[in-house]
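Peer 1: Given next are the chains, with one letter for each unit.
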Amino acid sequence: MSYVITAPCVADYSCVEVCPVDCISPMPDDSGFDAATQLYINPVLCVDCDACREACPVNAIFAEDQLPEKWLDYIGINAAHFQSHTQTVAEVRHDK
Amino acid sequence: MISERPLRIAIVGSGPAGMYAAGHLLEGPGGTFINGGLNQIVRRPVEVDVLERLPTPWGLIRSGVAPDHPDKKRMAAIYDSIARRQGFRFIGNVQVGRDVSPADLSQWYDGVIYAVGADDERRLGITGEDLRGSDSARAFVSWYNGHPDFSDLQFDLRCERAVLVGNGNVAMDVARILFSPISALHNTDIASHALDALGKSQLKEIVILGRRGPEHAAFNYPELMELGELADTAISVEGADLSLTPENADYETQLKVAALAKLCKEKSQGSRRIVFRFNAAPTAIVGGGQVAQINVVDRRDQSEQVLNAGLVLAAIGYRGLAIDGLPFDDVRGVIPSCDSRIVDNGIAIAGAYVTGWIKRGPKGIIGSNKKCARDAVTAVMVDVDSNLLPMEGTLSAAQVLEAINARVSVTLGFSGWQKIDRQEQSDGRAQGRPRLKMTATGAMLGLVTAG
Chain A
1 MSYVITAPCV
11 ADYSCVEVCP
21 VDCISPMPDD
31 SGFDAATQLY
41 INPVLCVDCD
51 ACREACPVNA
61 IFAEDQLPEK
71 WLDYIGINAA
81 HFQSHTQTVA
91 EVRHDK
Chain B
97 MISERPLRIA
107 IVGSGPAGMY
117 AAGHLLEGPG
127 GTFINGGLNQ
137 IVRRPVEVDV
147 LERLPTPWGL
157 IRSGVAPDHP
167 DKKRMAAIYD
177 SIARRQGFRF
187 IGNVQVGRDV
197 SPADLSQWYD
207 GVIYAVGADD
217 ERRLGITGED
227 LRGSDSARAF
237 VSWYNGHPDF
247 SDLQFDLRCE
257 RAVLVGNGNV
267 AMDVARILFS
277 PISALHNTDI
287 ASHALDALGK
297 SQLKEIVILG
307 RRGPEHAAFN
317 YPELMELGEL
327 ADTAISVEGA
337 DLSLTPENAD
347 YETQLKVAAL
357 AKLCKEKSQG
367 SRRIVFRFNA
377 APTAIVGGGQ
387 VAQINVVDRR
397 DQSEQVLNAG
407 LVLAAIGYRG
417 LAIDGLPFDD
427 VRGVIPSCDS
437 RIVDNGIAIA
447 GAYVTGWIKR
457 GPKGIIGSNK
467 KCARDAVTAV
477 MVDVDSNLLP
487 MEGTLSAAQV
497 LEAINARVSV
507 TLGFSGWQKI
517 DRQEQSDGRA
527 QGRPRLKMTA
537 TGAMLGLVTA
547 G
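Quick mapping for you: the protein sequence lines, in order, are chains A and B. Residues in the first sequence are numbered consecutively from 1, following the working numbering. Residues in the second sequence are numbered consecutively from 97, following the working numbering.
Excised from the complex, chain A in its bound form:
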């Protein structure tokens, strides 16, 4: 499992500050931060510690199995930030 960042994210990066494994991107000093429309959790590195969810000021972070249904697509959106994107876009286009 992993944690997932959803639509309300405002990139306040309180989650980055507490993440023990630095799995949230972009970090404030990364080149992509200023233009980021939200932050993302790397599902491969996430250790399910729950710290980010507690730290988030806008309730944007959920454990994958607690995700509100309308934000299920954010599982793919978070993962896609860290991988080749083609497959996830194809899923949005044809599947969901």
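Treat the hints with care, as some may be off.
What the hints assert, rightly or not - Restraint-style ranges between C-beta atoms, simulated for each label pair:
hint	chain 1	residue 1	chain 2	residue 2	range
1	B	325	A	45	30 to 36 Å
2	A	1	B	483	24 to 30 Å
3	B	441	A	72	40 to 46 Å
4	B	334	A	37	24 to 30 Å
5	B	545	A	82	53 to 59 Å
6	A	82	B	385	54 to 60 Å
As the list claims (entries may be wrong) - Simulated coverage check for chain A against chain B, where a stretch passes if three residues somewhere in it have a Cβ under 8 Å from a Cβ of chain B:
hint	stretch
7	24-30
8	49-63
9	67-81
For the record, the hints were derived by calculation from the structure and aren't laboratory data. Where a beta carbon is used, it is the ideal one built from N, C-alpha and C, also for glycine.
Using the hints, position chain B against chain A.
Peer 2: For chain B alone, kept in the frame of chain A given last:
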């Protein structure tokens, strides 16, 4: 050696950039995230005065974030907790550039951080822009959020079609608010005057104009998807073929275009309609006193079309406003700076800093300002350590308040805002709403000064 008296910093503006700056100056026990980890960047006691031109704090959290985005409005709780830290003082109803000058502040304080945001907008520059029924989306947003400067505006929504020029997130917010059920808006803190006007709306169609193709659309994915949640509302696209999005477009672009195509397919029916019209530029707004139509050119073949419309809102970008006594870059609409230090003709002005939209231009989201404010505070601290701040002869907290109150008849502190806050929440409860915003400065000051 650390001097005994606290460093005294003024922050102008209590929106996200200003409040993040206050948070970094009054650094929490955990430190500040910099260079990949939490580090202490402030090593001496600091006193912060946040000067706000309105009686109410939090800037665009209160007057910009859409009322139906309560999660984003929760940022106010973060700023509220910063305001309760030792060394913080809020001084409301003081306008820098009018009531006090930048020269005053630089005399009174060791350093000043300007975080005044973008209080102006880009204009269309076409004829008819000033007709009744034509305004900026910024004005419309400020109006429905109850900003005192905009609460007297009248928006007549008893027309069939509204045209939004520009397809960024502000346009998405406006379209969504225009088509949201009144019952849903009733459960938000939207201004009462806006709720009344929206209740009389006869709008059937919203056309959203974008100058370029869908691959350049400015809206973000979440805001687009929210339009898909509107009941009985069809979504369609004109002026572009969504299947032709370049395969080499970046992920976010492909995601957005794919989502738009999907919405068009799934939301083909409805008594109301949102039309995304791409490759379209407005050439004139026409009407006798009141907007009647907007002329639009298809930028692919230069063909012209006339759209009947009773409301035209330009959502083509916010813009900074110059402050008397500070340099201003009129092209970019920002206060010119280098590493957060305000510069005049290339020379840094000692003790004057800038953060947020007035530094970077109207880009980024709420949290972008956290890093921006961190960098401004870092610059302040570097300059303190290098003895570059003009700290001789500056005033104490009590002396500053005395000086300001000699210029402004009524100011309020944080407890004054808390009084307004409590009143708004209690008035809201009486109507089954989360908050009933006070929208007139006079009434707010009256409440604060009464008993």
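Peer 1: The structure should be examined with respect to each hint, and the outcome stated for every one.
Peer 2: Tested hints:
{"no.": "1", "hint": "B/325 - A/45: 30 to 36 Å", "verdict": "holds (32 Å)"}
{"no.": "2", "hint": "A/1 - B/483: 24 to 30 Å", "verdict": "violated (53 Å)"}
{"no.": "3", "hint": "B/441 - A/72: 40 to 46 Å", "verdict": "violated (54 Å)"}
{"no.": "4", "hint": "B/334 - A/37: 24 to 30 Å", "verdict": "holds (25 Å)"}
{"no.": "5", "hint": "B/545 - A/82: 53 to 59 Å", "verdict": "holds (55 Å)"}
{"no.": "6", "hint": "A/82 - B/385: 54 to 60 Å", "verdict": "holds (56 Å)"}
{"no.": "7", "hint": "24-30", "verdict": "holds (count 3)"}
{"no.": "8", "hint": "49-63", "verdict": "holds (count 4)"}
{"no.": "9", "hint": "67-81", "verdict": "holds (count 4)"}
Hint check: violations occur at hints 2, 3; the rest are consistent with the structure.
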